[in-house]
Structure formats: C-alpha cells, structure tokens
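Student: Heads up: the protein sequence lines correspond to chains A and B, in order. Residues in the first sequence are numbered consecutively from 42, following this note's numbering. Residues in the second sequence are numbered consecutively from 988, following this note's numbering.
Treat the hints as calculated values from the structure; they're not laboratory data. Computed from a predicted structure; not experimentally measured. Warning: the hint list may mix true and false statements.
[What the hints assert, rightly or not] To spell it out: a stretch of chain B is covered by chain A in this simulated footprint if at least three of its residues, at any positions, have a beta carbon under 8 Å from a beta carbon of chain A; those stretches are:
1. 992 to 1002
2. 1046 to 1054
3. 1071 to 1077
4. 1121 to 1132
Don't be surprised by glycine CBs; every beta carbon is placed ideally from N, CA and C.
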Amino acid sequence: MTRVAKKIHFPVTRLAELAARPGGVTRTTALEEAAKSVQSMLDIGLETTNYAMASIEAIAYSAKNGRLEAENMQNVLRQADHIVTMAATFGFAGLEEASKSLCDVADGLLSRGLSDAAPVIVHVQSMRLMMPGGAELGEVEVAYILAELAKVRMHYEFARLSAGAAADTDPPEIAG
Amino acid sequence: MAQSRLNLRGATTLLVDSDAFTRGLIAQMLRGFGMDTPTTYDTGAAAKAHLLHHYIDLCILEAVLPDMECAQLIRWIRRQDKSPLRFIPIIVLTSYTQHRHVAMARDAGANLIVRKPVSPRVLYDRIAWVAKTSRPFIETAKYAGPDRRFRTLEPLDGKHKRETDLVDGESTESAVEQNPQALAEPSTKKAIAS
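Pulled out of the complex, with its shape left as it was, chain A reads as follows:
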C-alpha cells in the first residue's frame, strides 16, 4: 500500500484573533446595519438593471435573419446573469425568474451551437414587462408569462442551470 505524503497544520488565522477581541457588535446589530446599507443601493441597482436590460435588448434586436452570433449570445448570458443577481437582491421575483429562464436558454443555445434569436427575443420582451417601473402585472399574469417561457425551454429541451447545482455550504449553526 502506498502512503500519501500529507501535512496537517492547525493555523489560527488573524481573522479568528480579531473576532475574539472584546467589543464589536451583535449579530442583530450587524445585520440591521448591513440591511440599511444594502437598501441604500437600490437606486444604483435599478440603474444597473436598466443598463443590462438595454444591452440585452440592443443585442437581441440586432439579430440578422433570426440568428445571433455566439459572442452576442455570450453577452446576453452575462448580462442576464447580472439581472438575476440584482432582481433577487431587491426582491423582483418575476424578473428574477424570467432572467433565469433567459440564462437557461442562452446557455442551452450556446452549448448546442445554435444561434436562434427568437427564444432570446421573447424572453427580452417578457423581462421588459416585468422590469420595475414597467407594466403593472398581477401575480396571475406573471405566472402565465413564466409558464409560456417554460414552454420555450421545453421546446428546446433545455435543462435548468440550477438543476444540478450544489447547495450553499451550510456551516453548522453558530451560537449567538
């Protein structure tokens, strides 16, 4: 049997030393302060979302003969990913789901070497409706639109990017 050379260290990080000092703030205070700071970024978040949305629209509507080049599709994927993060951060559930669906579609098209612009355009139009400050949609209408987008994914038989994703690493409960 071969033995694997292995070293085991038991380091004490500076972060651990700092955290163990007296003083500091409680978890509740820290979370309240952080939540206030995050909320103060709402305007920037909306501005960034609008910018990403406009970029995707510009790419989608510039398709020639219903085709998008791989580089453009890659840009759509990148911008849609940003919108997912921002929509989820500020609780725009409909927009989050629609942009996730666009990520699934763009990723699926890229991985199969397809260049169809139509599924991208239909997602872009749906996302525009769900943008904050856009059309005032009710829950039923949002659910209907998302169900239609799901049909597009099913048509291409694209898997969801979240399907095989690993969970967050959940550390054991921390006291206090």
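Once you've looked at the hints, dock chain B against the given chain A.
Tutor: Same frame as chain A, but now just chain B:
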C-alpha cells in the same frame, strides 16, 4: 440570553468580482458588519499582484473571473509555502450561471461557497463561522486547503453518558433508543454537497 459579539474592526478583506454592483453591495455589507472597507479588484491577476505585497484577513472571490477561474487563484494562494497567506479563509460567490463551478472551487481549497444573491444574513453567518471555527489545513500533493469534512459534535444533554446514569430498570438499548445521539458516532458531512 445576550447575543455574543463579533469584533471585526480592522479586518482586511480582498473582494474580487467582475461585477461592479456586486462589489459595491458586498462592500456595503462588510462595512455594516463593522469591517474595514474592502480592497476590490475585478480580475484575478490584479488580486494576485495585491496579495504579493499585502496581507489580508479574508478573501471573497467570484467563481469565474474575467481572466481566470477562481480555482486557479485559490490554488495559487494555498500553495504559498512558508507564508501565512495560504491559510486565509476564502469564500467563493457563485452566480446563477456559475453553479457548475462549485466543485472546482471546493477542490481548489475554498472554505465556503455562497450563491448569489448574497443576503447580509448569509454573508455574516459565513464570516462568523470561518472566524470562529478552526479547521485543520491539509497539504498533500493534490490538495492544499481546509479539511473538507465538517465534524458536527453536538453537545451531550447530560443524560445517558454512562451505564451508571441509567435509571433503575432501564436497559442500555432503550436508553439509546430514546437518545441515539448519545452513543452515535459524531456526524461528519462533506463541506459541499456536490
């Protein structure tokens, strides 16, 4: 019961993410936790250059950087022999399209992986955990990084620790049946479900 406090003032963070909005968001959260304003970069190369001359206490990385996979940067940090830099806690952020990179980041030596969007609660709990929990650092030919197994030792409830603690007429079997954790092996789970 009074909540315990965490003193993160003076802790330096390196935050590497290609998205300016995410960098701003995380920086705001860290300030809210009482930490110093993080040093931010949008590429792995710039982060490497910073690390050559500065010590940091915590590293937060996006899973896929414009110029490299975060795994490359993590491996480089973990292989800094004779430097305390290799032991720094590393938290990796993955966006919706980057979930498939989780296993790669884990195998490169990341401490924890967190999905975007990151809420203050999730980020605080992860930072508190890496600050309060010491994990052995393993160094082999193929892997250098924190021990990837979590060992969850639950505190004993004070009952059924010894045969003599059994109440009259109670058998060991029934005691275990009532409190299986008392005699069970400590549970061990993988750092990341892959």
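Student: The structure should be examined with respect to each hint, and the outcome stated for every one.
Tutor: Hint check results:
no. : hint         : in the structure
1   : 992 to 1002  : holds (count 7)
2   : 1046 to 1054 : violated (count 0)
3   : 1071 to 1077 : holds (count 4)
4   : 1121 to 1132 : holds (count 7)
Hint check: a violation occurs at hint 2 only; the rest are consistent with the structure.
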